[in-house]
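Line by line, the protein sequences are chains A and B.
Under this note's numbering, the first residue of the first sequence carries the number 1, and numbering increases by one thereafter.
Under this note's numbering, the first residue of the second sequence carries the number 1, and numbering increases by one thereafter.
Some hints here could point you the wrong way.
As the list claims (entries may be wrong) - 25 Å max Cα-Cα, derived DSS-like pairs, lysine-lysine:
1) B/Lys89 - B/Lys45
2) A/Lys107 - B/Lys100
3) B/Lys100 - A/Lys74
4) A/Lys12 - B/Lys100
5) A/Lys145 - B/Lys45
6) A/Lys31 - A/Lys247
7) A/Lys12 - A/Lys212
Everything labelled a hint here was simulated from the structure, so no lab data went into it.
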Amino acid sequence: MAVGKEIRVQIKSIKNTQKITRAMEMVAASKMRKAQDRMSGTRPYATKMRQVVSHLAMAHPEYRHSYLDDREEKRAGYIVVSSDRGLCGGLNSNLFRRIVADLKRQKDAGIDVELSTIGAKSYGFFARLGGNVKAHVSHLGDAPKLVDMAGAVKVMLDAFDAGEIDRLYLCHNEFVNTMTQKPTITQLLPIPPAEDDELKHHWDYLYEPEAKEVIEELLVRYVESLVYQGVVENAACEQAARMVAMKAASDNAGNMIGQLQLVYNKARQAAITQEISEIVGGAAAV
Amino acid sequence: MGMTMHVDIVSAEKEIFSGTAEMVVVPGAMGELGILPRHTPLLTKLKPGEVRVDKTGDGGQEYYYISGGLLEIQPHVVTVLADTAIRAKDLDEAAAQAAKDRAEEKLKDKNAEFDFALAEAELAEAVAQLKAIKRMRERGKH
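Excised from the complex, chain A in its bound form (with noise of 0.2 Å):
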């Protein structure tokens, strides 16, 4: 019965695998509650900051940043957010698609690009293929800290400040729910302008120390602002998929399993088959 331990040996190494996507699955789904309480704990944040930031450009300041102005685009800078590791289905591809879709949009126009990479995958993949990647940071583990990617972003922030590139855009996977999730391009820089009709009448801030100063932190930290949440929900985005490609990945094993015991047992019973009737043939001859 060669074959049918061959098949045993198989099935054996398919329970194993399935044991480990089994339990990748379970862990993914414990990871994903808690970055979706980290996603929505970074949402008061966000909405004070575009608050502010909404307010000022209401305001009528004697100083007005470069961030707020609008200028002819030569040169784009793109963040991208991806996850570090794998095995999470079409998560990093379908984002990455959308990007180079766009590169290649940009290069059409004429527009130079530079990316900062933060996470492993995304790294990976633009550095081998040869895109332009002036930052990159990654491994910022499973709760991400707004410090830890704050060099990726001043790289791009002082490329912008240098007159090197004229946008910022932003990539990363937006968290629709468990099933979807939705890749994105935002504008970082120049910052999109507010609407919000109550503070219509002239008026201005008070500056402490003086207004370039302020500002330049406040838009500054607004920006780190919309990376950092951009990649909390980027991970959040990950443990969903990673979550579900791991389920899909138990059940194709489970498929996998039934279909080689059928093959098994169809052996087995062909062997004692036969086995039978040898003996009974033997029995006859004598």
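Given the coordinates of chain A, work out where chain B should sit on it, guided by the hints.
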């Protein structure tokens, strides 16, 4: 009961405090600030230190430690945008430099032109694989 204002203390990672208060004391960049309701609009940097919130209706005082940040005042709303860690200019520079260095590690021997054909081929492959898995799943269902 005197006049009150709404106070929010938030950091990028979570909401720290939200409620009404009679007075807030914050460590401003130019010195300590005590804010009462109907303060004129003000935007200031904060130093690392303690924020004190005097809650309404004798709710007592609450203290929060912040690592710096920004403060916005509108007449009836005070918003503290707290940093999650102490930020210093030279530390930020160092982080930016580190991010740059990491990016250059693998890039040295690369030509600057992005390989669109290869990228699309790779992504098409990934998509095809996913489709195959999906089809396999559907076949297994019936």
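Query raised in the report: Which of the stated hints cannot be reconciled with the structure, identified by number in ascending sequence?
Result: Violated: hints 4, 7.
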